[in-house]
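Colleague: Each chain, written out:
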Amino acid sequence: MDLTELYQDLILDHGQKPRNFGKLKLYNHDAKGHNPLCGDNIHLYLNLDKKGIVTDLSFEGSGCAISVASSSIMTEIVKNKSEKKAQELLDAFFKMIKDNNDLKKIDLTENEKIKFQSLSGVNKFPMRVKCATLCWHTLKAAFDNQKQPINSEVID
Amino acid sequence: MDLTELYQDLILDHGQKPRNFGKLKLYNHDAKGHNPLCGDNIHLYLNLDKKGIVTDLSFEGSGCAISVASSSIMTEIVKNKSEKKAQELLDAFFKMIKDNNDLKKIDLTENEKIKFQSLSGVNKFPMRVKCATLCWHTLKAAFDNQKQPINSEVID
Amino acid sequence: MSISVTSQFPIFKKYKKLVYLDSANSSQKPISVINAIDNFYRSKYSNIGRGVYTLAANATEDYESTRSTLKEFLKAYNGDIIFTKNATESLNLVAKCFGENFLNSGDEILLSELEHHSNYVPWHFLRKKKIMIKFIPVNKDGNLDITNIKSLITNKTKIISLTHISNVTGKKTPLKKIIEVAKSKNIPVCIDGTQAVAHTAVNIKELDCDFYAFSGHKMYAATGVGCLFMKDKWFEKFNPFLGGGGMIQDVDIKNITFANGVSKFEAGTMPAAEVISLKFAIDFLKTTKIKNIEKHENELISYAISKFNKMKNIIFVGKPDKSSSLFSFNIKGIHAHDVSTVFDQDSIAVRAGHHCCQILHKKFNIASSLRVSVGVYNVKQDIDALCESILKCKKLFKIQ
Amino acid sequence: MSISVTSQFPIFKKYKKLVYLDSANSSQKPISVINAIDNFYRSKYSNIGRGVYTLAANATEDYESTRSTLKEFLKAYNGDIIFTKNATESLNLVAKCFGENFLNSGDEILLSELEHHSNYVPWHFLRKKKIMIKFIPVNKDGNLDITNIKSLITNKTKIISLTHISNVTGKKTPLKKIIEVAKSKNIPVCIDGTQAVAHTAVNIKELDCDFYAFSGHKMYAATGVGCLFMKDKWFEKFNPFLGGGGMIQDVDIKNITFANGVSKFEAGTMPAAEVISLKFAIDFLKTTKIKNIEKHENELISYAISKFNKMKNIIFVGKPDKSSSLFSFNIKGIHAHDVSTVFDQDSIAVRAGHHCCQILHKKFNIASSLRVSVGVYNVKQDIDALCESILKCKKLFKIQ
Ligand SMILES: Cc1ncc(COP(=O)(O)O)c(C=O)c1O
Ligand SMILES: Cc1ncc(COP(=O)(O)O)c(C=O)c1O
Numbered sequence: 000m001d002l003t004e005l006y007q008d009l010i011l012d013h014g015q016k017p018r019n020f021g022k023l024k025l026y027n028h029d030a031k032g033h034n035p036l037c038g039d040n041i042h043l044y045l046n047l048d049k050k051g052i053v054t055d056l057s058f059e060g061s062g063c064a065i066s067v068a069s070s071s072i073m074t075e076i077v078k079n080k081s082e083k084k085a086q087e088l089l090d091a092f093f094k095m096i097k098d099n100n101d102l103k104k105i106d107l108t109e110n111e112k113i114k115f116q117s118l119s120g121v122n123k124f125p126m127r128v129k130c131a132t133l134c135w136h137t138l139k140a141a142f143d144n145q146k147q148p149i150n151s152e153v154i155d
Numbered sequence: 000m001d002l003t004e005l006y007q008d009l010i011l012d013h014g015q016k017p018r019n020f021g022k023l024k025l026y027n028h029d030a031k032g033h034n035p036l037c038g039d040n041i042h043l044y045l046n047l048d049k050k051g052i053v054t055d056l057s058f059e060g061s062g063c064a065i066s067v068a069s070s071s072i073m074t075e076i077v078k079n080k081s082e083k084k085a086q087e088l089l090d091a092f093f094k095m096i097k098d099n100n101d102l103k104k105i106d107l108t109e110n111e112k113i114k115f116q117s118l119s120g121v122n123k124f125p126m127r128v129k130c131a132t133l134c135w136h137t138l139k140a141a142f143d144n145q146k147q148p149i150n151s152e153v154i155d
Numbered sequence: 000m001s002i003s004v005t006s007q008f009p010i011f012k013k014y015k016k017l018v019y020l021d022s023a024n025s026s027q028k029p030i031s032v033i034n035a036i037d038n039f040y041r042s043k044y045s046n047i048g049r050g051v052y053t054l055a056a057n058a059t060e061d062y063e064s065t066r067s068t069l070k071e072f073l074k075a076y077n078g079d080i081i082f083t084k085n086a087t088e089s090l091n092l093v094a095k096c097f098g099e100n101f102l103n104s105g106d107e108i109l110l111s112e113l114e115h116h117s118n119y120v121p122w123h124f125l126r127k128k129k130i131m132i133k134f135i136p137v138n139k140d141g142n143l144d145i146t147n148i149k150s151l152i153t154n155k156t157k158i159i160s161l162t163h164i165s166n167v168t169g170k171k172t173p174l175k176k177i178i179e180v181a182k183s184k185n186i187p188v189c190i191d192g193t194q195a196v197a198h199t200a201v202n203i204k205e206l207d208c209d210f211y212a213f214s215g216h217k218m219y220a221a222t223g224v225g226c227l228f229m230k231d232k233w234f235e236k237f238n239p240f241l242g243g244g245g246m247i248q249d250v251d252i253k254n255i256t257f258a259n260g261v262s263k264f265e266a267g268t269m270p271a272a273e274v275i276s277l278k279f280a281i282d283f284l285k286t287t288k289i290k291n292i293e294k295h296e297n298e299l300i301s302y303a304i305s306k307f308n309k310m311k312n313i314i315f316v317g318k319p320d321k322s323s324s325l326f327s328f329n330i331k332g333i334h335a336h337d338v339s340t341v342f343d344q345d346s347i348a349v350r351a352g353h354h355c356c357q358i359l360h361k362k363f364n365i366a367s368s369l370r371v372s373v374g375v376y377n378v379k380q381d382i383d384a385l386c387e388s389i390l391k392c393k394k395l396f397k398i399q
Numbered sequence: 000m001s002i003s004v005t006s007q008f009p010i011f012k013k014y015k016k017l018v019y020l021d022s023a024n025s026s027q028k029p030i031s032v033i034n035a036i037d038n039f040y041r042s043k044y045s046n047i048g049r050g051v052y053t054l055a056a057n058a059t060e061d062y063e064s065t066r067s068t069l070k071e072f073l074k075a076y077n078g079d080i081i082f083t084k085n086a087t088e089s090l091n092l093v094a095k096c097f098g099e100n101f102l103n104s105g106d107e108i109l110l111s112e113l114e115h116h117s118n119y120v121p122w123h124f125l126r127k128k129k130i131m132i133k134f135i136p137v138n139k140d141g142n143l144d145i146t147n148i149k150s151l152i153t154n155k156t157k158i159i160s161l162t163h164i165s166n167v168t169g170k171k172t173p174l175k176k177i178i179e180v181a182k183s184k185n186i187p188v189c190i191d192g193t194q195a196v197a198h199t200a201v202n203i204k205e206l207d208c209d210f211y212a213f214s215g216h217k218m219y220a221a222t223g224v225g226c227l228f229m230k231d232k233w234f235e236k237f238n239p240f241l242g243g244g245g246m247i248q249d250v251d252i253k254n255i256t257f258a259n260g261v262s263k264f265e266a267g268t269m270p271a272a273e274v275i276s277l278k279f280a281i282d283f284l285k286t287t288k289i290k291n292i293e294k295h296e297n298e299l300i301s302y303a304i305s306k307f308n309k310m311k312n313i314i315f316v317g318k319p320d321k322s323s324s325l326f327s328f329n330i331k332g333i334h335a336h337d338v339s340t341v342f343d344q345d346s347i348a349v350r351a352g353h354h355c356c357q358i359l360h361k362k363f364n365i366a367s368s369l370r371v372s373v374g375v376y377n378v379k380q381d382i383d384a385l386c387e388s389i390l391k392c393k394k395l396f397k398i399q
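Order-wise, the sequence lines are chains F, L, R and G. For the record, in the first sequence the residue sitting at position 108 is 107 according to numbering that gives the first Met the number 0, with numbers rising by one throughout. For the record, in the second sequence the residue sitting at position 89 is 88 according to numbering that gives the first Met the number 0, with numbers rising by one throughout. For the record, in the third sequence the residue sitting at position 232 is 231 according to numbering that gives the first Met the number 0, with numbers rising by one throughout. For the record, in the fourth sequence the residue sitting at position 386 is 385 according to numbering that gives the first Met the number 0, with numbers rising by one throughout.
Treat the hints as calculated values from the structure; they're not laboratory data. Idealized CB from N, CA, C, for every residue including glycine. Any given hint might turn out to be false.
What the hints assert, rightly or not - In silico DMTMM-like links for lysine to aspartate or glutamate, alpha-carbon gap of 25 Å or less:
| hint | chain 1 | residue 1 | chain 2 | residue 2 |
| --- | --- | --- | --- | --- |
| 1 | F | K83 | F | D143 |
| 2 | L | K24 | L | D1 |
| 3 | G | K74 | G | D249 |
| 4 | R | K331 | L | E59 |
| 5 | L | K104 | L | E4 |
| 6 | L | K123 | G | D61 |
| 7 | R | K253 | G | D61 |
| 8 | R | K311 | L | D12 |
| 9 | G | K176 | G | E107 |
| 10 | G | K127 | R | D106 |
| 11 | R | K133 | G | E107 |
| 12 | L | K112 | L | D98 |
| 13 | L | K114 | L | D1 |
| 14 | L | K50 | L | D12 |
| 15 | G | K311 | G | E387 |
| 16 | G | K361 | F | E59 |
| 17 | L | K83 | L | E59 |
| 18 | R | K253 | G | D144 |
| 19 | G | K128 | R | D249 |
| 20 | L | K97 | G | E71 |
| 21 | R | K157 | R | E205 |
| 22 | R | K321 | R | D383 |
| 23 | G | K12 | G | E298 |
| 24 | L | K112 | L | D55 |
| 25 | G | K15 | R | D251 |
| 26 | F | K139 | R | D231 |
| 27 | G | K253 | R | D249 |
| 28 | F | K97 | R | E60 |
Said to hold, decoys possible - Listed below are several chain G residues computed to face chain F (Cβ distance under 7 Å; list not exhaustive):
| hint | residue |
| --- | --- |
| 29 | Q344 |
| 30 | D345 |
| 31 | L395 |
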C-alpha cells in the first residue's frame, strides 16, 4: 500500500485549504455527522431550491485530512446539481470506496472525475473508509432533514 | 482416599439420628450458621451458667451428613464443659481438620476422643471441611452473642 | 449415537476417567475454541475499536463479525446483540434500564417459580420502587401452570421475564402461549435463554421476544462473556447501563451525549478474546449441527431416566423430561452433597445444591438436589458410570 | 537496558517488525500468561465456587489464590479485592453503590480534569440526583493544580475520585497531599489505578484510599477481568451492585438476603480463566520486578522525549514527564489520525484520538492527539523507528 495513493496532492490541498468552508447565510437543509474513532465532526448546510437543485452548500467542522478533503471535494461537486444526481453520486462514491468500482458510467466533467477519484485510494485503507464517507452520509441526512447526528462508526 | 474413612459408622449414625436436636426451652446464647455451598443451616442454642459452664446446648437445622454429625457430636462433647474448655476443643478441632494434627494433649474421655476423631477423615476431603467446621464457628458466634449469621464459605 | 465429538475436547484426554455431567453449570471447551483464544493472544492481540492501526482494525473486525455470526445463528434479525460479562449482567441490564424508564410504583413484573436467581434478584432490586413481583406457579410435575395466565397478566403488568429452559428440570417453558398473551397486551417479554442456546435451535425472530439473555461459557466458549439480544426500539429508549470509555459521543465538564446502538451499552474495554471465542464456539455448534446435538443429548437423558426409573429411592425434582439435556434428583435419605462427594471419588462431576433456584427447591420442600446435565461430549458409558456410583453410594449409606 | 523480556512475548515473534507503543491501551501478553489460559481450558476447566467435585474445587482454589496474590502484590491488607469485568465496571460499582446510600441532593463529588471517561461518566449519572461535580483544574503543563485544594474540598464534598496516573500525560497525580486533606475531613477517596499497577509500585495500605480500581488487560493479563479494592468497612455499607447467582444467602418469593464479603459483589459466573491469568501476570511482574520495569520504561520515555525535543513542529499535550511510561503529542498541521495511518505503514501501533479524555483535550483546545506508551517489551529501536516515521510523515505532508 502506497501512502502517496492515499494522500495525493489534491487531497492534501483540500485537506489544508477546504473549499466551501463555513456556515451558509441562507440554507434550508442541514445535518451533523460524527466519526467517534477519529473525532471527525461535520456540520453540513445546504440550500435546495424548488426544482430540487442544490444551489449552495457548505460545511463546518474539523477532522483528519481525508475527512476534510472529502467534504471539500463533495461540496464542490454537488453544488448546482440536483438532489437526484447527488444521490447517484453518493452511491457511486460508496461503490468506489468500498468495492473499488470505477466510475465509467458517471456523468461528470473530467475535472470533477479527477477530484472524485482522488479519494479512491481510501479503498486500500479500510480503517479510513469512515473518514471519507462521513460527509456523504451527512449529505443524505441533510436531504432527509434528519435531526439525530450521523455516526459513521455505526453506519459503515 | 477411602470413603469409609470419611463416612464412618459413627458419622452415619449421628448424621441420621442427631443428638441434642431441637430448640432448647431455656437458653441465653444462640447463633446461626450457614454454608452456602452445601446449603447447610444450623441454629445453635446454649445455656451458659454464671460459672461459665455450658449446662445445656442443642441445635436445629439441616445439612449434609458431615455437617449434621459434626453438630451432633459437638453438642455431646461440649455439654457440661466450660466456655474456656469449649474454645480449646474448637482450636483442637480446627487443627485436626485442617492440619491433620492429632489430639494427644486434649483432655477428653476415651469415648469423647473417639467421637471427636471420627470427623478427622474430613481432612482428606478439602471441599467438605466447611461442612464439619460450621457448627464450631457457630458455637464461637453463640458465645460472642454475634447477631450476623456465620457464613463458613467466607470464614474457612 | 448420532455424534462423536468427545475427542475434540482436550479435558477428556487429560482425565481419561472424567465423567463430566455438569454442562448446565458450564461446558468444557473444544480444541477449536481453545486454539482460537491462544492464537488471538499469541498472534493477533490488540484492544478493539480504538486503534487506527492494522492489529486493532483486525481485532475489531473479528469482534464485530462474532456479533453478526451470533445474530445469524439465533435469527436475531429484528434487533442487535450487546456483549456483557455473563447472562447475569445481561438480565441486570434489562431490569435496571427497563425499571428506570418504564416502571412506577404499583406496576407489576411477572416471573415464574422456575427462575434462576439471576432472573429474579435483578427484578427484586426494583421492589425499592414499590414494584410488585408475581410468579407463574409451578405444578407438582415441575411444569409452569399457565391455566390462569390471563389473570396473572393484569393491566398493571409491565414486563414478563421467563426462563426458556429450566436449569433444574430441563423443561422448556410454554413461551409461545405466554408471549401470545403478552403481545396482545403490548407487554414486552424478556427470555433467559442461558440453558437453551447450546441445546436446541433458537429462533429469536420467531419467538418475537424483546430481550434474550445468555452466557458464552455454557455454549462451549470462554468464560467472561455474556450476550443480550435487544429489539431495535429499546436501544434508544433505554438509558446507558454502565458509563465509561467507548459509550460516549461527546463529553464535557457539564454534559455528556451517548453513543447510539450497541456501543451505548458496551462501556470500557470489552472482553475481546472471549467474544471472539464465541464465534468459534458457534462454528463448532453449526458444524456439529444443533439438531444432532439435541437428538444426542435427548437420547442420553432418556437412557438415564429409564435406568433411574429402575432404581429404588430415587426422587426426581418434578417429572423428568426425556426431551431435554438435564434433570435433577435426590437419593432418599442421603444429602445431595454427600452423594456428590461419593461421585467425585469416581471422577463423576455432578452439581449438588439448589442450582441458584431456591424458590423452586423450597416449593418442592428440599434444600438441594443433584443435577445431571449432558453436553455434546457425553456418551452412554457416562450414564452407566453414574448409575454404578449411585449404587455404591447407597451401599455406603446403607440404603436400598 | 535493564531488562530484556521481549522474547517472552509471542506477538513479536509473529510480527518481527511490530513496534507496539500502545500499552496504555492494552498490553501484549507474555507466554506464561497465554499458556496458563490455554492450560486452564485444556486440563483444568470448571466453573468455580459451585461444585463439590475436585475439578471445581481446584479451579476455585486457583481463583481465590489470585485474589490473595493480588492483595499481597498491592499491599491491599486493609480490605479485599472484588473481581469485575474491567476498571470501568469497578468505577461504576463505586459510583452507584456510594451514590445510592451516601449522596443526597446538593452534595459534591470532586474529580479532576485529567479523568478518563470511565472515572467521570459513572459519576455524571448521579447528577440525576442533583449532585454537583467539581473538577480539580489542570494547568498548562498538564499537572493538577492543587494550590486551592482546600477550598475545592468543601463541607459538601462527599467523595473524591482521581486517577493515579494520567493516561494522556503519564503524570502521577499528587495523591498523597489530596488524600491527606480528604482524610482530615473524613472524605472517602477512590483511585483509578488503571495506568499505575503495571508501571510503578502500588501500596494501597500506604495510600490509605477507600477504593482502588484497575483492569487486568493493561497489566499483561487476559481481557475480561477488572479489579476493585475496597476497604473492609464498605462491604457492609454498600448494597449489592448486580444481582444473581452466587451473591445471595437466602432467596424466597418475598425476600432475599445477600452474601457477605466479596461474594456480595460477584454475581453470576465469574471470568475464571481470565482471573487466573492475572495470577500469572503478577508472577511475571514480580519476577521482572516492578522497580526494574519502571526504570526501563522511564529510560525509554526519557530517550523519546529528548529525541522529540530535537524535532520541529512537535506539540506535546502538557509538559511530558520523563519519569513515566507514556506521553502524548501532535505534529503541527497534521491530524493525529493521518499520522497514525502513516505509522501503521511502518508497523508502528500508536493510538490516535482523545484517549477517552475529552475534557483534557478540550482544555488544550485539541480534538485528538497521538499517545506513545511503552511496556516491558519495548526497546530503544522502537523509539528510533517512531522518530523516523515522524520524519516520513512530515515529508509526505510537506511539513518541516
Ligand atoms: C486511566 C484509565 N482509567 C480507566 C480506564 C478504563 O479501563 P477499561 O477500559 O479496562 O475499563 C482506562 C483505560 O481505558 C484508563 O487508562
Ligand atoms: C437458567 C439460567 N439463567 C441464568 C444463569 C446465569 O448465567 P451466568 O452465571 O453465566 O451469568 C444460569 C447459569 O448459571 C442459568 O442456568
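Colleague: Compare the structure with the hints numbered earlier in the document and write down the numbers of the violated ones, lowest to highest.
Modeller: 2, 3, 7, 11, 14, 25, 27 and 30
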